[in-house]
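Novice: Sequence:
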Amino acid sequence: MQVLLIEDDGALGRAIQQGVREAGMDCQWRRNGVDGLDAALAQQADVVVLDLLLPDLSGLEVLSRMRREGVRTPVLVLSALGSVDDRVTGLERGADDYLIKPFAFAELLARLQALSRRATEAPSQEYCVGALSLDLSLRRVTRESKEIDLTPTEFSLLEYLMRHAGQVLSRRMLCEHLWDADWEGVTNVVDVHVSRLRGKIDRGFSPPLLHTVRGRGYVLRASNDGEAAYPEI
1 MQVLLIEDDG
11 ALGRAIQQGV
21 REAGMDCQWR
31 RNGVDGLDAA
41 LAQQADVVVL
51 DLLLPDLSGL
61 EVLSRMRREG
71 VRTPVLVLSA
81 LGSVDDRVTG
91 LERGADDYLI
101 KPFAFAELLA
111 RLQALSRRAT
121 EAPSQEYCVG
131 ALSLDLSLRR
141 VTRESKEIDL
151 TPTEFSLLEY
161 LMRHAGQVLS
171 RRMLCEHLWD
181 ADWEGVTNVV
191 DVHVSRLRGK
201 IDRGFSPPLL
211 HTVRGRGYVL
221 RASNDGEAAY
231 PEI
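So in the numbering used here, the last one in the sequence shown is 233, and the numbering has no gaps at all.
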């Protein structure tokens, strides 16, 4: 496994690099955000370990630019910023996992290995929620054997919702997935696309699958058991 470590703390960086190498993995180390971003954009690593409080360029900005440039390398945020808001922000910007300092090195290794396994697994080509099916290879959506015609944006939106079925997706997450754009928090364009998609996949069928969770976002689920049943991604 090739690990890219972006960390400005010299003692911690050396310890992580040595430990990762002793565990049988390769580890390149960058000490600031600019150099770390350049290394990440080269896409030579299997997993990125990213500190948030970096000189030159913050870890959140590194993460945002990686995702805007289409880099899908799994990212494990490693930070002393451990509040719920900090963790949510990191995950919403595109992190795949979040580990708070101080940490147990054995846990860091286990999380790196888990991220690597998930990244190398072949993605599913078909998703099903209830009687709704989406086939990526054929670009085909059906419900109860009836084909549903979607625009490219609606198809991408439905694919994202189906990949995370049962989990609440915020408007920010949907916006950044669809357009790789920073969330402004003032546009209703996401709501418009969700409304159009709901009209196509739910109208004339029962039960409804696409639910609005007040104050949180949207969830695709075969049953509506109340807002408390929906975990956040």
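Hint data in this document are derived by calculation from the structure and do not stem from the laboratory. Wrong hints could be hidden among the right ones.
[Unchecked claim] Now the in silico label distances, taken between C-beta atoms and shown as ranges:
(1) 117 <-> 42: 20 to 30 angstroms
(2) 204 <-> 113: 25 to 35 angstroms
(3) 223 <-> 57: 37 to 47 angstroms
(4) 195 <-> 135: 44 to 54 angstroms
Just so you know, these numbers come straight off a predicted model, no measurement behind them. Think of the CB as a built atom: it goes at the ideal place given N, C-alpha and C, for glycine as much as any other residue.
Novice: Indicate, hint by hint, whether the structure satisfies it.
Specialist: Taking the hints in turn, this is what the structure says about them:
1. 117 <-> 42: 20 to 30 angstroms: holds, 23 angstroms
2. 204 <-> 113: 25 to 35 angstroms: Hint violated: Cβ distance 46 angstroms, outside 25 to 35 angstroms.
3. 223 <-> 57: 37 to 47 angstroms: Holds, since residue 223 and residue 57 (Cβ atoms, about 44 angstroms apart) stay within the stated range.
4. 195 <-> 135: 44 to 54 angstroms: violated, 24 angstroms
Checked against the numbered hints given earlier, this structure breaks hints 2 and 4; the rest are met.
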